[in-house]
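**Q** Chain by chain, the residues:
Number of protein chains: 2
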Amino acid sequence: MKRDKILLAHGSGGELSRELIEEIIYPIFDNNGGQELLDSAFLALEGGRIAMTTDSYVISPLFFPGGDIGKLAACGTINDLAVCGAIPKFLSVGLIIEEGFPVEDFKKILRSLSDTAASAGVLVVTGDTKVVERGSADKIFINTTGIGIVPEEVSLGPTEISVGDLIIISGTVGDHGMAVLCQREGLSLGGQIASDCAPLSDLAELLVSTGGVSCMRDPTRGGVASVLYELARQSKMTMEILNEAVPVHHAVAAGCSMLGLDPLYLANEGKLLIFARPEKESEIMNVLRNHPLGRAGRVIGRVTSRDDSGKVLVETELGAKRILPALEGEHLPRIC
Amino acid sequence: MKRDKILLAHGSGGELSRELIEEIIYPIFDNNGGQELLDSAFLALEGGRIAMTTDSYVISPLFFPGGDIGKLAACGTINDLAVCGAIPKFLSVGLIIEEGFPVEDFKKILRSLSDTAASAGVLVVTGDTKVVERGSADKIFINTTGIGIVPEEVSLGPTEISVGDLIIISGTVGDHGMAVLCQREGLSLGGQIASDCAPLSDLAELLVSTGGVSCMRDPTRGGVASVLYELARQSKMTMEILNEAVPVHHAVAAGCSMLGLDPLYLANEGKLLIFARPEKESEIMNVLRNHPLGRAGRVIGRVTSRDDSGKVLVETELGAKRILPALEGEHLPRIC
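Top to bottom, those sequences are chains A and B.
Residue numbers for the first sequence follow the working numbering, beginning at 163 and rising by one.
Residue numbers for the second sequence follow the working numbering, beginning at 163 and rising by one.
By construction, these hints were calculated from the structure, which means they are not laboratory data.
The model shown is predicted, which means the values in this text are computed figures rather than measured ones.
Heads up, the beta-carbon is just placed ideally off N, CA and C, and yes, glycines get one too.
Where hints are given, some of them may not hold.
Between beta-carbon pairs, the in silico distance windows are [as the list claims (entries may be wrong)]:
no.	chain 1	residue 1	chain 2	residue 2	range
1	A	185	B	314	30 to 38 Å
2	A	469	B	225	56 to 64 Å
3	A	277	B	479	48 to 56 Å
4	A	396	B	277	27 to 35 Å
5	A	467	B	269	32 to 40 Å
Next up, chain A with everything else stripped away, as it sits in the complex (with noise of 0.2 Å):
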């Protein structure tokens, strides 16, 4: 392409939205397991059930440690599949653009997310793309949209949370909210903290395998406590958090203190919040230890009982318990 800036004419329609389409895009997909990127994909699926998800991602800076918005719009809507127990198969891309938007970003980005997806074993079957003026979007706007096959046997949700069951995450927590707060802001942690993106659907098919996960999620927007929160009202159960079991970076640590934060309400973007059956606690501790996301998986609380309107009690290191309150306004916009 001989413009290194995205011109209103690329959305048209026309001769330079082919340009656009066949030089700049098709090239980047075609690690896509040779299916074509079509207008409208022609998927063929085993009967049964699938899942569907949707995302938009409008982050703020677009690049950051760690990844950037197209590694995040693969790995968000790949990980919003994996957490209902769906094994991901496919994406469709639309693109929002600037005018103005220099072409090379625009490659970066989508490159990351074709091989995000591709590492997954996902396929990008179709997109769209728009162009706005300058002034009416900031820089680009992803929505993916996937679709996955969910096994037969697979049923997972907060109506399968019981009395028992543990409260495990997978990793330490905060990372992606620190990370880009971190970069928009100039700060700096001593010791770079990277965001955590990265797709868990291998990771997911491996703990839903051992057939004693009830419920998962992944903690982005609003972090584990706003699942939780949300969790324990649609179950109607109390649970129980002991606060100095989360794993959380130092860096992070450090960052929440100095900013009086609480790592417990930043975004993650590639860990797993799972509810399990007491009895496979060592199976599933196992599958997490031996996998590269997981190695850092703690438990980090239980539900306690059954209680109509659902809470989160948070234990303190002094043994107080306090009721984890809802996030109330925001304190990270686009952070995903």
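Given the coordinates of chain A, work out where chain B should sit on it, guided by the hints.
**A** Relative to chain A, chain B alone:
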């Protein structure tokens, strides 16, 4: 909901996100066949081929004669599925909202999306909401991704186009493009021009069931001309269009001559461009004449010969033939 504007915190994943989703979004989609709107949706599909398509909608203005961005976001994706012969079944909805966007407009748009999907028998099954700071997006952008079932016997596409095929348009061209242009520029052309925005899945299914359709498209961005140009290249065929046969609403024609535009390049959002076997002409024209969305349908040309480069000839009123050029540049940004 107590607030009349969308706040950044409505996209936080916390308490205000829950309020927006549970108090505004869920009630609007409750005509949804009882299917709960979930972060990931489980879909029961018969085996066989499914089609998937995605589109982002960035139209400005959001409300225009004949529709709004919500109706458009349902129609556009439903129509993309319909033209490939799929029966549209499920939609996901991804929302990117500018902080400060009026909640009343938000509801109107979602209701319109929901009603349009319901009228076409399509379920909205999953969604996502992001909010960005004031000035980082222009009011609201919507992505919809659609899934449909492709009946086994259906095979449509550029490779099915043959010499002799008739080229048929299901009604007047350029209505959507001209309606949005007039609204945007404050032009009045005497007699309101309304967008043709409509879901075409029902009409498309009837047409396909004649067995006489080789390829269909909905000529949106770039209009009938851009679709013909693309299909001529892909099918390696020469196509001839008779300019005076193309139905154009008189007010659209007037607007075009005033503004120096060609209606063949203006966007449509409720029209089918059909390639049909000549022996099925009467059957297909009957389907069109008996359907509210096809009454003004006409044969506008035919496929005349095989040609490695593929081109479109337009015969003018005086009998001269010119080659239809590709759309260069962008005369109408954000038309969908």
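**Q** For each hint, tell me whether it holds in the structure or not.
**A** Taking the hints in turn, this is what the structure says about them:
no.: 1; hint: A:185 / B:314: 30 to 38 Å; verdict: holds, 36 Å
no.: 2; hint: A:469 / B:225: 56 to 64 Å; verdict: violated, 46 Å
no.: 3; hint: A:277 / B:479: 48 to 56 Å; verdict: holds, 54 Å
no.: 4; hint: A:396 / B:277: 27 to 35 Å; verdict: holds, 29 Å
no.: 5; hint: A:467 / B:269: 32 to 40 Å; verdict: holds, 39 Å
Taken one by one, the earlier hints fail for this structure only at number 2.
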